[in-house]
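Per my numbering, the sequence shown starts with residue 660, numbered consecutively.
The hints are simulated quantities; they were obtained by calculation from the structure and are not laboratory data. Note that beta-carbon positions come from the ideal geometry of N, C-alpha and C, so glycine has one too. There could be a bad hint or two in this list.
Calculated cross-link-like contacts (lysine to aspartate or glutamate; reagent style EDC-like; alpha-carbon spacing at most 16 Å) [said to hold, decoys possible]:
id, residue 1, residue 2
1, Lys719, Asp685
2, Lys684, Glu752
3, Lys719, Glu759
4, Lys719, Glu673
5, Lys719, Glu752
6, Lys719, Asp754
7, Lys744, Asp702
Quick list of simulated restraints, FRET-style, between CB atoms [as the list claims (entries may be wrong)]:
id, residue 1, residue 2, range
8, Met767, Arg735, 39 to 47 Å
9, Ser701, Leu763, 25 to 33 Å
10, Arg704, Met767, 35 to 43 Å
11, Leu764, Met743, 34 to 42 Å
12, Val691, Glu759, 13 to 21 Å
13, Met767, Ala730, 35 to 43 Å
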Amino acid sequence: MSRRTDRINEQLREEISLLLTRSIKDPRLNAVVSITRVVSSSDLRSARVYISVMGNQETKQAALAGIQSAASYLRRELRDRINMKHTPFLSYELDASLDEADQLLRLMNRVKPDQPEAEVMNLVKPDEPEPETLGSEASNYEIPGGA
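All chains, please: the whole structure from these sequences, using the hints.
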């Protein structure tokens, strides 16, 4: 991204954060809500706003619904606060990266320095099974053109 786009993304993030804390009085936003990042399109006509919400999944969905219901108000306020030719259309999404980082840290804390690798691998439950490997049976096959 260009420096200009980065600067606009940061300015949008700051202004939306201020508006959420000072202007919107929606009870669904009583949870701790943070704007983690804003990603604008190359033409600056649209932007994705990633939010992080402290709480369970129900609280997160309620906060997202509260922000989405205030989307037109937020865009109108941004038009007055940010000097741009076109105020970007904003879409809001929950940012899962903080939850994923938290899960990774919890896994790392469960691993002890003197723990054998086999035990460590049992802590991680992959989403998909590992591909099968050619164990000792691979030595029974000849490689064409090999030495």
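Hints and how they fare:
no. : hint                        : verdict
1   : Lys719 / Asp685             : holds, 14 Å
2   : Lys684 / Glu752             : violated, 20 Å
3   : Lys719 / Glu759             : holds, 15 Å
4   : Lys719 / Glu673             : violated, 20 Å
5   : Lys719 / Glu752             : holds, 10 Å
6   : Lys719 / Asp754             : holds, 10 Å
7   : Lys744 / Asp702             : holds, 11 Å
8   : Met767 / Arg735: 39 to 47 Å : holds, 44 Å
9   : Ser701 / Leu763: 25 to 33 Å : holds, 32 Å
10  : Arg704 / Met767: 35 to 43 Å : holds, 41 Å
11  : Leu764 / Met743: 34 to 42 Å : holds, 38 Å
12  : Val691 / Glu759: 13 to 21 Å : holds, 18 Å
13  : Met767 / Ala730: 35 to 43 Å : holds, 37 Å
Against the hints set out earlier in the document, violations occur for numbers 2, 4.
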